[in-house]
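Listed below are the residues making up each chain.
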Amino acid sequence: MDLFIQLLINGLTLGAIYGLIAIGYTMVYGIIGMINFAHGDIYMIGAFHAVITFLILGVAGITWVPLALMLMLIMSVILTAMYGWTVERVAYRPLRGSFRLAPLISAIGMSIFLQNYVQLAQGARNKPLQPLIKGGFTLSAPDAGFAVQLGYLQIFIVLLTVALMVVFTLLITRTALGRQQRACEQDQKMAALLGVNVDRTISITFIIGASLAGVAGLMVTLYYGVVDFFIGFLAGIKAFTAAVLGGIGSIPGAMLGGLLIGLIEAFWSGYFTVEYKDVAVFAILILVLIFRPTGLLGKPEIEKV
Amino acid sequence: MAGVVATIAREPKSLGGRIAKDMIISGIIVFLLGSQLIGIETIDDPKGLRFITRYDDVFVAALVVALGRAGMQMLRAGIAWPVLIGSVAFAVAVIGSTLIGGERDLSLLPFSNKIVDWIFGLTAVVFALRALVVQRRGGAPAPRGGGVMDAVSARTQKYSRYAAGLMILFAILLPVLFPERRIVDMGILVLTYCMLGWGLNVVVGLAGLLDLGFVAFYAVGAYSYALFAHYFDWSFWGCLPLAGAMAAFFGIVLGFPVLRLRGDYLAIVTLGFGEMIRVILINWWWFTGGPDGIRDIPRPSFLGLPFERQNPDGGETFHSVVGPMLQSVFDIELTFAPLHRIVYLYYIILILSMVTCVFTLRLRRLPIGRAWEALREDETACRALGINPRNTKLTAFSIGAMIGGFGGAFFATRQGFISPESFTFIESAVILAIVVLGGLGSQLGVVLASTILIGLPEVFRELADFRMIAFGAGMVLIMIWRPRGLLAHRDPTVLLHGKSALDRRDRAMAGEGSG
Numbered sequence: 001m002d003l004f005i006q007l008l009i010n011g012l013t014l015g016a017i018y019g020l021i022a023i024g025y026t027m028v029y030g031i032i033g034m035i036n037f038a039h040g041d042i043y044m045i046g047a048f049h050a051v052i053t054f055l056i057l058g059v060a061g062i063t064w065v066p067l068a069l070m071l072m073l074i075m076s077v078i079l080t081a082m083y084g085w086t087v088e089r090v091a092y093r094p095l096r097g098s099f100r101l102a103p104l105i106s107a108i109g110m111s112i113f114l115q116n117y118v119q120l121a122q123g124a125r126n127k128p129l130q131p132l133i134k135g136g137f138t139l140s141a142p143d144a145g146f147a148v149q150l151g152y153l154q155i156f157i158v159l160l161t162v163a164l165m166v167v168f169t170l171l172i173t174r175t176a177l178g179r180q181q182r183a184c185e186q187d188q189k190m191a192a193l194l195g196v197n198v199d200r201t202i203s204i205t206f207i208i209g210a211s212l213a214g215v216a217g218l219m220v221t222l223y224y225g226v227v228d229f230f231i232g233f234l235a236g237i238k239a240f241t242a243a244v245l246g247g248i249g250s251i252p253g254a255m256l257g258g259l260l261i262g263l264i265e266a267f268w269s270g271y272f273t274v275e276y277k278d279v280a281v282f283a284i285l286i287l288v289l290i291f292r293p294t295g296l297l298g299k300p301e302i303e304k305v
Numbered sequence: 001m002a003g004v005v006a007t008i009a010r011e012p013k014s015l016g017g018r019i020a021k022d023m024i025i026s027g028i029i030v031f032l033l034g035s036q037l038i039g040i041e042t043i044d045d046p047k048g049l050r051f052i053t054r055y056d057d058v059f060v061a062a063l064v065v066a067l068g069r070a071g072m073q074m075l076r077a078g079i080a081w082p083v084l085i086g087s088v089a090f091a092v093a094v095i096g097s098t099l100i101g102g103e104r105d106l107s108l109l110p111f112s113n114k115i116v117d118w119i120f121g122l123t124a125v126v127f128a129l130r131a132l133v134v135q136r137r138g139g140a141p142a143p144r145g146g147g148v149m150d151a152v153s154a155r156t157q158k159y160s161r162y163a164a165g166l167m168i169l170f171a172i173l174l175p176v177l178f179p180e181r182r183i184v185d186m187g188i189l190v191l192t193y194c195m196l197g198w199g200l201n202v203v204v205g206l207a208g209l210l211d212l213g214f215v216a217f218y219a220v221g222a223y224s225y226a227l228f229a230h231y232f233d234w235s236f237w238g239c240l241p242l243a244g245a246m247a248a249f250f251g252i253v254l255g256f257p258v259l260r261l262r263g264d265y266l267a268i269v270t271l272g273f274g275e276m277i278r279v280i281l282i283n284w285w286w287f288t289g290g291p292d293g294i295r296d297i298p299r300p301s302f303l304g305l306p307f308e309r310q311n312p313d314g315g316e317t318f319h320s321v322v323g324p325m326l327q328s329v330f331d332i333e334l335t336f337a338p339l340h341r342i343v344y345l346y347y348i349i350l351i352l353s354m355v356t357c358v359f360t361l362r363l364r365r366l367p368i369g370r371a372w373e374a375l376r377e378d379e380t381a382c383r384a385l386g387i388n389p390r391n392t393k394l395t396a397f398s399i400g401a402m403i404g405g406f407g408g409a410f411f412a413t414r415q416g417f418i419s420p421e422s423f424t425f426i427e428s429a430v431i432l433a434i435v436v437l438g439g440l441g442s443q444l445g446v447v448l449a450s451t452i453l454i455g456l457p458e459v460f461r462e463l464a465d466f467r468m469i470a471f472g473a474g475m476v477l478i479m480i481w482r483p484r485g486l487l488a489h490r491d492p493t494v495l496l497h498g499k500s501a502l503d504r505r506d507r508a509m510a511g512e513g514s515g
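Protein sequences, first through last, are from chains H and P.
149 is the number that the numbering used here gives to position 149 of the first sequence; each next residue is one higher, with no gaps.
3 is the number that the numbering used here gives to position 3 of the second sequence; each next residue is one higher, with no gaps.
Hints in this document: simulated from the structure, not taken from any laboratory.
Do not take every clue at face value.
With the C-beta cut set under 8 Å, the calculated list includes, among others, these residues of chain P facing chain H [to be verified]:
1. Leu33
2. Arg130
3. Phe249
4. Val253
5. Pro257
6. Val258
7. Ala433
8. Ile454
9. Gly455
10. Glu458
11. Val459
12. Phe460
13. Arg461
14. Glu462
Computed beta-carbon distance windows for the label pairs [what the hints assert, rightly or not]:
15. H:Ile172 with P:Arg182: 53 to 61 Å
16. P:Phe287 with H:Arg125: 41 to 49 Å
17. P:Leu242 with H:Asp199: 29 to 37 Å
18. P:Arg76 with H:Arg125: 39 to 47 Å
19. P:Glu373 with H:Gln149: 30 to 38 Å
20. P:Ser235 with H:Pro131: 16 to 24 Å
21. P:Arg137 with H:Thr169: 35 to 43 Å
22. P:Asn391 with H:Gly178: 57 to 65 Å
Away from chain P, derived, C-beta distances all over 10 Å, residues of chain H [unchecked claim]:
23. Ile56
24. Leu71
25. Gln115
26. Ala121
27. Ser269
For each residue, glycine too, the CB sits at the ideal point set by N, CA and C.
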């Protein structure tokens with residue numbers, strides 16, 4: 001039971017991070033129907049910005065943890081969002097309305113470019129970071145041999161994710177911007193005719209997706225305490241899997257998918273073997289897709305003949 | 001500061017104002033993008049992380065991008081002289097300083113690599129040429145690009161028979177013309193990717209199934225040969241059909257449950273397969289050797305004659321048998337040379353890839369090939385016409401997988417050593433990129449794209465760290481330049497309603513992405 005709770009806590013933390021990245025995939029897919037392969041690398045860039053901001057803060061003498069965290073968050077979000085915007089502007093916008101595989105290849109090229117750009121600019125070695133948020137609660141019965149740890153950092157990650165989710169859901173459902181986004185998702189031509197600036201809306205979608213990836217990058221930096229230029233790849237695939245699992249194009253689905261992937265990984269590593277956790281994730285994805293071909297919360301595609 | 005921002009934010013009326021605004025904004029954006037990742041380099045010390053600043057590089061980058069952007073805008077507006085003068089000055093400065101500098105790095109650009117300096121200088125030359133064209137046209141704005149290349153690809157299509165013949169002739173003569181290890185090795189690599197590209201073309205180009213895990217079948221082929229050779233001492237020629245069969249079998253097993261998924265769902269599942277097979281290869285160490293891979297995979301023999309100085313089993317070798325024959329017939333002396341094996345491998349892959357090419361070309365004419373293309377266009381209609389979508393897709397998937405498996409077996413025998421490292425997602429991405437960059441469905445396009453994507457990076461080994469950056473940027477640029485692929489010009493073989501039907505189809509396909 002104790003192990004179960006511990007794994008649940010770890011899984012939720014991991015799932016929150018995957019969920020944040022998955023939203024970026026699902027939003028972009030929803031609005032322009034392309035797999036943004038560079039999104040995982042945007043997240044990696046977010047993590048690097050967090051590390052670099054932390055170093056600058058160290059030199060500037062800001063050591064009060066809440067302020068430092070706040071500044072890291074702001075810097076990482078702003079600069080990562082700029083990368084998201086630029087990637088869309090440079091690599092995807094010229095290809096809009098072109099045939100389906102062109103943006104995909106462009107995205108793969110962008111992903112290779114960003115990875116190697118960071119490797120070149122920052123070196124190939126891991127960047128370690130000392131833990132910023134230490135300590136936590138120990139929850140367990142005194143006679144149990146296994147102490148369940150609930151770190152403050154894990155609470156921080158889950159709370160921040162929940163808060164972002166709430167803000168984000170409000171943004172999509174209640175604001176003019178969200179309405180425009182949903183309109184573009186349904187029919188770009190019609191939305192444009194009705195006065196929605198489609199280019200701008202798509203840019204903002206990329207900016208929001210990249211900002212959330214930037215937050216996820218910060219969280220991973222804090223959680224694992226080490227980043228390198230290659231972390232974006234696996235996290236990207238997992239988050240994309242999460243988005244598909246939840247039904248690509250569906251925002252609650254991305255969150256749900258992220259949580260599920262996090263939990264599957266945690267429980268599989270806890271009860272079975274760590275080595276095959278990625279296999280487990282993909283196997284469950286395939287199983288789900290066999291029975292629900294459009295993911296858990298995805299709308300079934302209506303075919304018109 | 002606020003005043004400046006307000007001035008920039010307003011939409012300027014004049015052309016000069018617009019160009020200046022664009023230039024300033026792009027400069028600022030590049031500066032901000034580079035402000036942390038380029039401007040600050042983190043260095044990993046035993047005591048922890050520390051950093052050094054390199055803001056001069058960021059300034060140079062921002063300046064170069066802003067100037068380039070302004071140049072593009074001016075050319076678009078038909079202003080030629082300033083661009084011409086500016087780009088010639090830039091090219092002379094950069095190329096000149098690179099030439100004069102010799103070993104020292106005198107260049108203005110912050111790269112420690114001469115070839116990168118050259119690339120920048122040559123880009124400026126391209127700008128200058130473009131400006132000249134605009135000037136000659138009398139200041140008229142340049143028409144939207146791609147026209148020239150469209151004509152080229154249409155012409156290539158027309159003369160494809162001769163082009164292909166010439167290419168094959170060149171390919172056959174390559175080891176004779178350039179008997180150098182480096183060049184023949186490169187030829188082997190390019191041909192391997194051609195073969196894989198043609199294989200994937202069946203899946204992506206003909207059947208329209210987006211497969212992001214093609215490398216899985218490549219891995220299956222490579223490992224089946226390596227394992228059979230390792231455990232049972234089977235030879236390459238015995239294992240080659242087996243590797244193809246294994247890969248096709250995997251294709252069927254993996255494809256059966258998932259091929260009813262549509263488009264991008266299929267993409268992620270195939271990507272997942274690729275990763276799963278890699279993870280299994282790493283972790284099943286007692287059988288596959290794990291991350292260490294399998295060593296000493298036997299090389300192929302020529303009718304049972306090995307390419308060694310001495311046959312380990314004490315028998316004859318290639319040079320000891322063929323040498324005297326050549327000596328008696330042509331009076332040529334043949335002694336042992338390691339190059340022979342490479343040339344032999346080259347011809348094997350040449351034959352394999354030619355067989356693949358003819359095979360896939362012929363498949364298109366078969367009813368099954370027609371069914372693939374029909375299925376790609378409209379699945380519902382196909383079902384109504386009595387085509388079984390699952391079986392049809394499954395054949396495409398498994399035939400693609402089989403070709404991947406042959407390629408994998410060849411890869412294993414060429415390398416002599418394989419490990420899961422060789423079968424990462426990036427391989428799948430490169431093969432897919434070859435298919436799409438060449439122009440979906442174009443056999444010649446695959447050759448061109450694999451020469452560009454595989455051959456050029458091999459030539460530019462000296463680019464070192466910049467190689468993969470250039471590779472990624474190249475993929476993006478080629479896609480933007482030719483979204484339907486380099487040789488994307490295909491007239492349908494049969495036209496129902498003449499040329500206008502063709503235009504309608506093109507428009508419909510162009511609308512597909514946004515719809």
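Here is how each hint holds up against the structure:
This hint holds: Leu33 (chain P) has a C-beta 6 Å from the nearest C-beta of chain H, less than the 8 Å allowed. For Arg130 (chain P), the interface hint is violated, since its Cβ never comes within 8 Å of a Cβ in chain H; the closest pair sits about 17 Å apart. At about 18 Å, the closest approach between the beta carbon of Phe249 (chain P) and any beta carbon in chain H exceeds 8 Å, and the interface hint on this residue is violated. Look at Val253 (chain P): its Cβ only gets to about 12 Å from chain H, farther than 8 Å, so that hint breaks.
Proximity of Pro257 (chain P) to chain H holds as hinted, the smallest CB-CB distance being about 5 Å (cut-off 8 Å). At a threshold of 8 Å, the smallest CB-CB gap from Val258 (chain P) to chain H is about 6 Å, leaving the interface hint in force. The restraint placing Ala433 (chain P) at the interface with chain H holds, with a minimum CB-CB distance near 5 Å, inside the 8 Å limit. Taking 8 Å as the C-beta cut-off, the interface hint given for Ile454 (chain P) is violated, the closest approach to chain H being about 14 Å.
About 17 Å separates the beta-carbon of Gly455 (chain P) from the nearest beta-carbon of chain H, more than 8 Å, and the hint is not met. Given the 8 Å rule on beta carbons, the hint for Glu458 (chain P) is violated: about 17 Å separates it from the nearest Cβ of chain H. Because the smallest distance between the Cβ of Val459 (chain P) and any Cβ of chain H comes to about 18 Å, over 8 Å, the interface hint for this residue is violated. Against a cut-off of 8 Å between C-beta atoms, the interface hint on Phe460 (chain P) is violated, since the closest Cβ of chain H lies about 14 Å away.
The beta carbon of Arg461 (chain P) comes no nearer than 15 Å to any beta carbon in chain H, farther than 8 Å, and the hint placing it at the interface is violated. With its C-beta approaching chain H no nearer than about 15 Å, Glu462 (chain P) sits outside the 8 Å limit, and its interface hint is violated. At roughly 56 Å, the beta carbons of Ile172 (chain H) and Arg182 (chain P) sit within the given window of 53 to 61 Å. Judged by the Cβ atoms, the range 41 to 49 Å given for Phe287 (chain P) and Arg125 (chain H) is violated: they are separated by roughly 33 Å.
Look at Leu242 (chain P) against Asp199 (chain H): about 54 Å separates their beta carbons, and that is not inside 29 to 37 Å. For the hinted restraint 39 to 47 Å between Arg76 (chain P) and Arg125 (chain H), the CB-CB distance of approximately 43 Å keeps it satisfied. A C-beta distance of roughly 58 Å is found between Glu373 (chain P) and Gln149 (chain H), which places it outside the suggested range of 30 to 38 Å. The hint said 16 to 24 Å for the Cβ distance between Ser235 (chain P) and Pro131 (chain H), and at roughly 56 Å that hint is violated.
Here the CB-CB span from Arg137 (chain P) to Thr169 (chain H) is close to 54 Å, at odds with the stated 35 to 43 Å. Here the CB-CB span from Asn391 (chain P) to Gly178 (chain H) is close to 44 Å, at odds with the stated 57 to 65 Å. Distance to chain P contradicts Ile56 (chain H) as a non-interface residue, since its nearest Cβ pair spans about 7 Å, not more than 10 Å. Every C-beta of chain P lies more than 10 Å from that of Leu71 (chain H), the closest at about 13 Å, which supports listing it as non-interface.
Distance check on Gln115 (chain H): its Cβ comes as close as 8 Å (rounded) to a Cβ of chain P, failing to clear the 10 Å threshold; non-interface status is violated. At the 10 Å boundary, the C-beta of Ala121 (chain H) falls inside the reach of chain P, the nearest C-beta of that chain being 5 Å off. At the 10 Å boundary, the C-beta of Ser269 (chain H) stays outside the reach of chain P, the nearest C-beta of that chain being 13 Å off.
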